[in-house]
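Chemist: Given next are the chains, with one letter for each unit.
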Amino acid sequence: MTGIVRISDDALARACGAESLVMAFEKLGWTVEHVSSWGMHWLEPLVEVNGVGWGAVTVDRVADIAEGGAHDLCIGPVAEHPFIASQQQLTFARAGRTRPLSLDDYATTGGWAGLDRAREIGGEQVLAEMLRSGLRGRGGAGFPAGIKWQTVAKAEGTRKYVVCNADEGDSGTFADRMLMEGDPFALIEGMAICAHAVGASQGYIYLRSEYPDAQRKLEAALALSAHIIAPFRVEVRMGAGTYVCGEETSLLNSLEGKRGEVRAKPPLPALQGLFGCPTVVNNVLTLAAVPHILTEGGAALYESLGVERSKGTMPIQIAGNVKHGGLYETAFGVTLRELVYDIAGGTASGRPVKAVQVGGPLGAYIHPDQFDLPFDYEAYTAADALIGHGGIVVFDDTADMAALARFAMQFCAAESCGKCTPCRIGSVRGTEIIERILTGGRKADAVESLPQMHNVRQSERSLEEQVMLLEDLCETMKFGSLCALGGFTPYPVMSALRHWPEDFGLAREAALA
Amino acid sequence: MKTIDEIVADHADREGPLLPILHEIQAALGCIDAEAETRIAELLNLTRAEVHGVVSFYHDFKTKPDERPVVQVCRAEACQARGVEAMMAAAHLAAGDRVRLDTVYCLGLCSVGPNARVGDDLHARLNENSLAKLVENA
Ligand SMILES: Cc1cc2nc3c(=O)[nH]c(=O)nc-3n(C[C@H](O)[C@H](O)[C@H](O)COP(=O)(O)O)c2cc1C
Ligand code: SF4
Ligand code: FES
Numbered sequence: 001m002t003g004i005v006r007i008s009d010d011a012l013a014r015a016c017g018a019e020s021l022v023m024a025f026e027k028l029g030w031t032v033e034h035v036s037s038w039g040m041h042w043l044e045p046l047v048e049v050n051g052v053g054w055g056a057v058t059v060d061r062v063a064d065i066a067e068g069g070a071h072d073l074c075i076g077p078v079a080e081h082p083f084i085a086s087q088q089q090l091t092f093a094r095a096g097r098t099r100p101l102s103l104d105d106y107a108t109t110g111g112w113a114g115l116d117r118a119r120e121i122g123g124e125q126v127l128a129e130m131l132r133s134g135l136r137g138r139g140g141a142g143f144p145a146g147i148k149w150q151t152v153a154k155a156e157g158t159r160k161y162v163v164c165n166a167d168e169g170d171s172g173t174f175a176d177r178m179l180m181e182g183d184p185f186a187l188i189e190g191m192a193i194c195a196h197a198v199g200a201s202q203g204y205i206y207l208r209s210e211y212p213d214a215q216r217k218l219e220a221a222l223a224l225s226a227h228i229i230a231p232f233r234v235e236v237r238m239g240a241g242t243y244v245c246g247e248e249t250s251l252l253n254s255l256e257g258k259r260g261e262v263r264a265k266p267p268l269p270a271l272q273g274l275f276g277c278p279t280v281v282n283n284v285l286t287l288a289a290v291p292h293i294l295t296e297g298g299a300a301l302y303e304s305l306g307v308e309r310s311k312g313t314m315p316i317q318i319a320g321n322v323k324h325g326g327l328y329e330t331a332f333g334v335t336l337r338e339l340v341y342d343i344a345g346g347t348a349s350g351r352p353v354k355a356v357q358v359g360g361p362l363g364a365y366i367h368p369d370q371f372d373l374p375f376d377y378e379a380y381t382a383a384d385a386l387i388g389h390g391g392i393v394v395f396d397d398t399a400d401m402a403a404l405a406r407f408a409m410q411f412c413a414a415e416s417c418g419k420c421t422p423c424r425i426g427s428v429r430g431t432e433i434i435e436r437i438l439t440g441g442r443k444a445d446a447v448e449s450l451p452q453m454h455n456v457r458q459s460e461r462s463l464e465e466q467v468m469l470l471e472d473l474c475e476t477m478k479f480g481s482l483c484a485l486g487g488f489t490p491y492p493v494m495s496a497l498r499h500w501p502e503d504f505g506l507a508r509e510a511a512l513a
Numbered sequence: 514m515k516t517i518d519e520i521v522a523d524h525a526d527r528e529g530p531l532l533p534i535l536h537e538i539q540a541a542l543g544c545i546d547a548e549a550e551t552r553i554a555e556l557l558n559l560t561r562a563e564v565h566g567v568v569s570f571y572h573d574f575k576t577k578p579d580e581r582p583v584v585q586v587c588r589a590e591a592c593q594a595r596g597v598e599a600m601m602a603a604a605h606l607a608a609g610d611r612v613r614l615d616t617v618y619c620l621g622l623c624s625v626g627p628n629a630r631v632g633d634d635l636h637a638r639l640n641e642n643s644l645a646k647l648v649e650n651a
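Residue numbers (the working numbering), protein chains in the order written: chain A, 1 to 513; chain B, 514 to 651.
Please keep in mind that the hints were generated in silico from the structure rather than gathered at the bench. Bear in mind the structure is a predicted one, so any value in this text is a computation, not a measurement. Using N, Cα and C, we set each Cβ at its ideal position, and we do this for glycine too. A couple of the hints might just be wrong.
[Said to hold, decoys possible] DSSO-like, lysine-lysine: derived pairs with alpha carbons at most 30 Å apart:
id	chain 1	residue 1	chain 2	residue 2
1	A	Lys258	A	Lys419
2	A	Lys27	B	Lys646
3	B	Lys515	A	Lys258
4	A	Lys419	B	Lys575
5	B	Lys646	B	Lys575
[Said to hold, decoys possible] Stretch-level coverage of chain A by chain B, calculated; a stretch enters the list once three of its residues show a Cβ under 8 Å from a Cβ in chain B:
id	segment
6	14-28
7	313-322
Next comes chain A alone, as it looks inside the complex (with noise of 0.2 Å):
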């Protein structure tokens, strides 16, 4: 039997083995269609025949699949599977359905509808729209995108800047990744409405090198559409491995041929931004919702959605110790419960589930007794927490709670950007107080047992003590750094001690106190 094959090129799928099945189709003489990935990545590689899908497959099993065989890896019609069907996909309507750089697929399935609209209605009308949509930055900060466009749009200047932010560091994401190589031209169309609405010719992605993949896919798609957003005009540059220069500012100094340090603002980069022009920064998946937001009625479909001021829908990436890791889209609301153990069913080792991360590195640790917290951001601030990107990562009972505290402290003082001292230097000194707490203490060194340093304090530090000068230290870098990464490391660190104080070896009642 030949057919036609659907099979993702995604570089997950890839990743997992998807180009030895493309081989594999071909030499039975089946066509293959490249498209993008369904997001369940447990079942990666997915091959899709006639709607019915097969996953994961190993490259020995295509010939049982071209006979319609291998009913055990069989998942029957893959968008009535429950994890794609209890969606509500908005920004990743395509995911699994098209193929990326097809500018057909992308025109019939709705495709350039509201860049067409946006023309037609104009700049004044684009903005009031995003305002109504209530779409909040995905990036982590939150902010409302129809505030900062408005800004953007009423800034003097000649010379505007659209910057997509496509820097996506935190560990337990993928959803930008998705986004670029499986719908490239929704960004790009999300960008170019951006540039109608603010007034801007020129646009950047900023995409970390970790990408390649998805440098690739975007420059082809860029080459195919750029009759269609001229005269506006849109460059990738790569970033060069760092994670602070997924911070706005770092972002722009970097893409100014920078070093990535982070400026202190005011200005704010809408009114003073890439090379001092106004500049919109908005995360990928912030410009790839405002297609969807700008067709006939989108924006009132999205305010409708959610909870309280978390409008609309959120894609959330479930990953680490999961069985059914991948992206999934849903309107806000959602707990952590349904996620962790109905959606990603459980921990994939089968143990219990210790710990959950949301939020990347920044993001605190949250306690399995916290599970009812719901998807929205306010509530997630109101429990010292952070939805950030939206990636949650499961931990099973086998994690070290204090190593992963520590490891926050070594990520941020690899990663500090080194323009102010509660971050380049409190990420060290947090690093050394979590091993002290570890190792029980620290000795004198040779200078300190010298006679004449009389001011040096005799008696070694109780561990209670250096619990306590942990918890300064966190409240310093809380509201002395500049910036996120310094600002929000401590969320890790102290939920971890709250919540795991055994594994410091304290005793519950210590770290409450």
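Given chain A, put chain B with the ligands in place with the hints provided.
Modeler: Just chain B with the ligands now, with coordinates in the frame of chain A:
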């Protein structure tokens, strides 16, 4: 192979051209050494200190050549949750001095880790054996 002068000339009409230039030189020459920094500075009308400041800021740029094959292993939280740390001893053993083992923080494949990158090829669902084999074959 292109010279530094040619590479700089190719990017001359871009806004803020330094990072694209450094990427291309790093790829072509394997590093950006003092000599390269001096030449780039001359061509762009910068001081060498400015160029060096940029080169030393970014993890991707190296100031010394290293001919060894490189395997980048993700050791960020999601890959830790899937057991990467327990695999590192065997990976280091397999690497010896022949292969450079670099740590990266996240390759964007966090649901199917532990993961590694060799050149532009990504490898997922690694275990102790398959990572060690990947290193041996690098
Ligand atoms: C250390 C640090 C890293 C960040 N990394 C990213 C990132 O990788 N991607 C991103 O979109 N925003 C990142 N941000 C947030 C940006 O500073 C900024 O808020 C965002 O790009 C604005 O776009 P948005 O309003 O669409 O979210 C980071 C912030 C900090 C402090
Ligand atoms: S908090 Fe850290 S990364 Fe942020 S500006 Fe200060 S030193 Fe730089
Ligand atoms: S944490 Fe390892 S790939 Fe993301």
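Chemist: Confirm or reject each hint.
Modeler: Hints, one by one, checked against the model:
Restraint check: the Cα-Cα separation between Lys258 (chain A) and Lys419 (chain A) comes to about 14 Å, which is no more than 30 Å; the hinted pair holds. Restraint check: the Cα-Cα separation between Lys27 (chain A) and Lys646 (chain B) comes to about 28 Å, which is no more than 30 Å; the hinted pair holds. Between Lys515 (chain B) and Lys258 (chain A) the alpha-carbon distance is near 24 Å, which keeps this suggested pair within the 30 Å criterion. Pair hint Lys419 (chain A) plus Lys575 (chain B) holds up; C-alpha atoms about 22 Å apart against a cutoff of 30 Å.
At roughly 26 Å between alpha-carbon atoms, Lys646 (chain B) and Lys575 (chain B) fall within 30 Å of each other, so this suggested pair holds. By the rule of at least three residues with a Cβ nearer than 8 Å to a Cβ of chain B, the coverage given for the segment 14-28 of chain A holds, with 3 such residues. Residues of the segment 313-322 of chain A lying with their CB closer than 8 Å to a CB of chain B number 6, which satisfies the three-residue condition for coverage.
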